[in-house]
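K.L.:
Spelled out from the first residue to the last, the chains are:
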Amino acid sequence: MKTLRTTTHLALTVAAIFILTQCGDRTQSSRGGDGKSGDPQPTAGQSAVKDDQSQKDVVKVAVGSPDHSTLVKAVQIAEYVDVLSNAGPFTVFAPTNAAFDKLPAGTLETLTKPENKAQLRDILEYHVAVASYKPEMLRDGMSLGMANGGSIEIANKDGKIIVNGNATVVATVPASNGIFHVIDGVLLPPGK
Amino acid sequence: MKNQPPKSPRNIRSNPVTSPIKPGFIGNTGLGLALVATAVAFSGCKPANLVSAVDTGGAAEAVYVPPGQYDEFYNIVSGGFSGNVSVYGLPSGRLFRQIPVFSQFPECGWGYSEETRPMLNTSHGQLPWDDTHHITLSMTKGEHDGRYAFINSNNTPRVARISLKTFRTEEIIEIPNSAGNHSSPFITENTEYIVAGTRFGVPRSDEGSNPDVPIDSYKENFKSTISFIKMEPDTGRLSIAFQIELPGIDLDLARAGKGKSHGWFFFSCYNSELAHTLLEVNAAQKDKDLITAVNWKKCEEYIAAGKGRKSKTRYAHNVWDEHTHSGTSTIETEVTVLNPLELKDIVYFMPCPKSPHGCDTDPTGNYIVGSGKLAAVLPVFSFDKIQAAIAGQKFDGDFQGIPVLKYEEVLHGEVQKPGLGPLHTEFDDKGFAYTSMFVSSEIVKWNVETLQVVDRIPTYYSVGHLCVPGGPTAKPHGKYVIAYNKITKDRYLPTGPELTQSAQLIDISGEKMKMLLDFPTVGEPHYAEAIPASLVSPNSVKFFPIEENKHPHVTKSEKDARVVREGKTVRVYMTAMRSHFAPDLIEGVQLGDEVYFHVTNLEQDWDVPHGFVIKGSQNAELLIMPGETQTLKWTADRVGVVPFYCTDFCSALHQEMQGYLRVSPEGSATPLKYGVGDTITTAPAAAAATPAAAAATPAPALAPATPAPAPATPAPAPATPTPGPGTPAPTPATPALAAPEAN
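Chains as they are written, first to last, in this note's numbering: chain W, 1 to 192; chain V, 1 to 743.
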């Protein structure tokens, strides 16, 4: 399997997204409090830990990929960045920008509206399993329980892994807190 | 990019940058990355309310305990992998004490001194370090009674009882037919029983062996056990009343019923797949795992009716005696086993979504919360419905021959999408539950009756256990919830790769939870309980009365201080009193002698321990509480004069509290001579060592003074037959303190 390319051309953009990611979490970090002045809600969540030496977690892998800017944006909007920066272990099935582009026109715009945050979060959680599934562990016919409570079906034909019959794993990147499988389709929870 | 935590208000005021970033900013903005990034980079990511972050909103006052005043609660905190327990004050977060339990602890010589070494004895010999997990505080009528704390060792299964009068470990009992004693030591509402459920299924036989079977024969050959350890109400003494044999499920956590559900116990488990490898995948296959509901009152009836099966095994039972100031270790050889396949009304399974971890009963005893750590819902079971389902035979088949109750028949309801990675739930006194969410790093507050989430607060980071004072009891004290976090990263000044784990004190007295304090912990804070100080502090022991000291080698007054040769063994009966040892001058020790310093601290005054150490000590130091006797074993490994001194700063003349011991060559004519000041005694020449005397005299480490130990007695001798439930544990059969060497 090929691994992701990171080009120097995109390095600045990547860094910019990264900064954005961290700042974005401040909205999340305050959600436990009332947000008023005088409420001592401290600092940001785990995604804001300053550490550019350790292996990248799944969020940083996504941020470092030029093909996942849509996913990164969605994860920020859904306030899911701190969760995925956690110890995990996570398996993230990460749709590419092109995969999002295949959705019916307007879908993404609708999902990213503030009032649809819960639905967006549910869809993103449907791409995450709390376990670290290497490609060779994804066996044909397997069903994986996902973070939203749903499950996905795995087909594995001679090493070609297809999720729910419509998204193919096209690359895999190990991360510090799990594993990041790049897929070419967006997974939609049944009945959503 | 991350804001460093502000060090002082002055630092904050000196930074003029304020941020344009507002909540919702990102959600309402398109992909203008370059512009955004520029703005953000220049802003330095300072949140708009940074100044308010140091305006503590009353948090500082809420946790401030003025110098010389006391905290309201003791927080008894597991030390996790450290094997020990630590004691904090709340709300200050100040660390008061570490209590050694399953690990040697240099600060006080636990596991090093001859008296304490038997406490770490097991059927595998003396173990220097184990892994503790859960704290439980003793209860009477479902409420904290302030008598004991219990904690399990996970690796080599044991349960310990700690006195909250002395803050010392008084008893440790090994759990046979178990491995990974995780589901432990949870207790019934009057501390009738302490339970210990095995995390690993293990092959076992009634002949006492651990059978040599293929690991892939797991489903046929591996069993799990739940041990019910009985506590004698008056003495606190423990004994294994019975074990329940189960299929090889991995028992995880547990809580007893209380109130109406008193008489029942609930255990979570994972791996109902009965997988034996790559559990990360193979034990996460089923949509539902199991909660095991045990009717222990019924078990008692069967035991009384002789329905238990005697099973041979070996386990150590170690008891500390506050009067001899010594531990003894006894090997027990039998347990009584109950089989739910034959006794069909003692165990029922309840389906619970996705690898339940926490299994917590609410203060009323009617609700049992299962926290499926991979589940998107939090199921709450109803005890009333469980009883009705059992009565109505509402079964959904069986698991390995044990009936499984129908999920919907026993369910009170589900908390929908409470957060990710629910682990543990504690309760307050107002009908709310607090559940820790590991993956989403938060504590979620919800209403037990309505199942509605009413508040959530982030933790830093990855909260594991949590604690409400009195949270597991029938009468929670409320006021705070403390988050015990697994991941620290940038919370404190860095100390290399290894970081202290953080705890966070959160005020729950109002509608909204409010973070008050962040404090470091020792080891891993793997569960904790908090108890009002008023239930504990009045009973705290200040010293041990010297007249009650029954140590076989006590020296109760300075005039009795002496040195006695027994072949190649030399016993120094030493006293310590501000500010000298008696004797502090010792001659006549010979190369190769084994010297036992039996040091008695004669002080009868609070907080005046003495220490003792001698140069070249291969073992440790001593720390001796007032009125106590402790023993350091030391071998004379070279000829010459060796100094010893007091290691605990006892007085203004602590530095003068020192002495010398002279080591002469083997067979030297130097007489045994000892004393302090003008009182010097020279022992008669007849007492000097001869090779013949050395060979003829057995030298047990620390045998009771009377009668002299018979050398023919093997140590440790198997104990007298294991007591049935309800009878006191047997008198130790092993010569005191000899067990570790013998194993």
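Derived from the structure by calculation, the hints contain no laboratory data. Just so it is clear, CB atoms sit at the ideal spot from N, CA and C, and this is done for glycine as well. Where hints are given, some of them may not hold.
As the list claims (entries may be wrong) - Beta-carbon label-pair distances, calculated as ranges: (1) V:K512 / W:D51: 26 to 36 Å; (2) V:D429 / W:S176: 37 to 47 Å; (3) W:S176 / V:G236: 21 to 31 Å; (4) V:P128 / W:K134: 33 to 43 Å; (5) V:R97 / W:D51: 32 to 42 Å.
K.L.:
Among all the numbered hints in the text so far, which are the ones the structure does not match?
P.N.:
3
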